[in-house]
Amino acid sequence: MQDTEALSSWKSQLRKGAAELAVLAYLDRGEAYGLEILQAITASGELGVSEGSIYPLLKRLEKSGKIKARWTDAPDGGAPRKYYALSSEGQDLLSRMRDSWRAFANALTRIVEAKS
Amino acid sequence: MTQSPIDAYVSRVERYLNDLPAPEREDILAELRSHLYERSQESETALDVSLKALGSPEEFARQYLDDDVLRRALAGGSPADLLLGVLRQATSRVGAFVGFAAVSLFYLFALSCFGVILLDLINPEATGLWVGDEMDPFFFGMIAGTGPDETVRDLAGIWLIPIALAAGTAFTVCGLALSRWIARRLLKSK
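Keeping their order, the protein sequence lines are chains G and R. Numbered according to this note's numbering, the first sequence spans residues 1 to 116. Numbered according to this note's numbering, the second sequence spans residues 1 to 190.
Rather than coming from a laboratory, the hints here were simulated on the basis of the structure. Note that beta-carbon positions come from the ideal geometry of N, C-alpha and C, so glycine has one too. Possibly wrong hints are sitting among the right ones.
Okay, derived cross-link-like pairs now, BS3-like style, lysine-lysine, Cα gap no bigger than 27 Å in a straight line [what the hints assert, rightly or not]:
| id | chain 1 | residue 1 | chain 2 | residue 2 |
| --- | --- | --- | --- | --- |
| 1 | G | Lys115 | G | Lys11 |
| 2 | R | Lys52 | G | Lys59 |
| 3 | G | Lys115 | R | Lys188 |
| 4 | R | Lys188 | G | Lys59 |
| 5 | G | Lys82 | R | Lys188 |
| 6 | G | Lys63 | G | Lys115 |
| 7 | R | Lys52 | G | Lys115 |
| 8 | G | Lys63 | G | Lys82 |
| 9 | G | Lys82 | R | Lys52 |
| 10 | G | Lys11 | G | Lys82 |
| 11 | G | Lys82 | G | Lys68 |
| 12 | R | Lys52 | G | Lys16 |
| 13 | G | Lys59 | G | Lys11 |
| 14 | R | Lys188 | G | Lys63 |
| 15 | G | Lys115 | G | Lys68 |
| 16 | G | Lys115 | G | Lys59 |
| 17 | G | Lys82 | G | Lys59 |
| 18 | R | Lys188 | G | Lys16 |
| 19 | G | Lys11 | R | Lys188 |
Counterexamples of contact, computed for chain G against chain R with all Cβ distances above 10 Å [to be verified]:
| id | residue |
| --- | --- |
| 20 | Asp28 |
| 21 | Leu35 |
| 22 | Glu51 |
| 23 | Ser53 |
| 24 | Pro80 |
| 25 | Lys82 |
| 26 | Glu89 |
| 27 | Asn106 |
| 28 | Val112 |
Computed footprint of chain G on chain R, listed as stretches where at least three residues anywhere in the stretch have a Cβ under 8 Å from a Cβ of chain G [said to hold, decoys possible]:
| id | segment |
| --- | --- |
| 29 | 23-32 |
| 30 | 36-42 |
| 31 | 93-104 |
| 32 | 110-116 |
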């Protein structure tokens, strides 16, 4: 029982930083709106982004200037959509985050997957 | 007239977002409405699932508020704004709770220092930094009742007001610095 608790608290620590990187990396492919980002990220599971947390996260990134947003008219009679794209500051941050992520993942994989 | 589930949810979120500037609030609500609308187009159950996944309107709204209150307080709010911003998160985060208690303690010490100054102005004879009383060997403030007797002596003398002022100011500055530091930590750890 305690092991499950330890595992889930470790997992939530692990996910904390992942959500931001996942959103920025997804937006690197091009403009997208909230639901699209949510579905793309949650489809791969495990990344700690939920329906309830994605919009506050996007707002934080927007406020800190990492991403920029624009509203578009409703596609064929639906509701208007808010599209997000990386700002140049966000682009910058993303490339540095990518580097650290790769270094981190490589180092950790070497240790975790090593067979003695 | 009955409200649609979307309108009901959005209007409850709106109530909780009252403290935000109007343009930002409208932006958040429009995006939420758009999200729920698209979910409802998928299927009837998709909307229900979505409403559950978002959490209660209060929980959802609080994610915007906690940060915003802190951010605005850091960007030029009063010490009270900062303290309240930290308090807002104290129910959900241990660090915020401990921080709130510590900052409150600093302010409480500051308040008692300034209180002593006031007492010294009202009743200078009985107010001082007393030592010597067996019951209470060290005491900062005013001795109630008949006033001081031979068993105690005042360490501070005429320096009482400057000392209290300096200590009070120091406690205030420390409390303020601590609350700013905590607010920054809380924002960063998100």
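Hint by hint, where does the structure go against what was stated? Just the numbers, ascending. 3, 6, 7, 10, 15, 16, 21, 22, 23, 24, 25, 31 and 32
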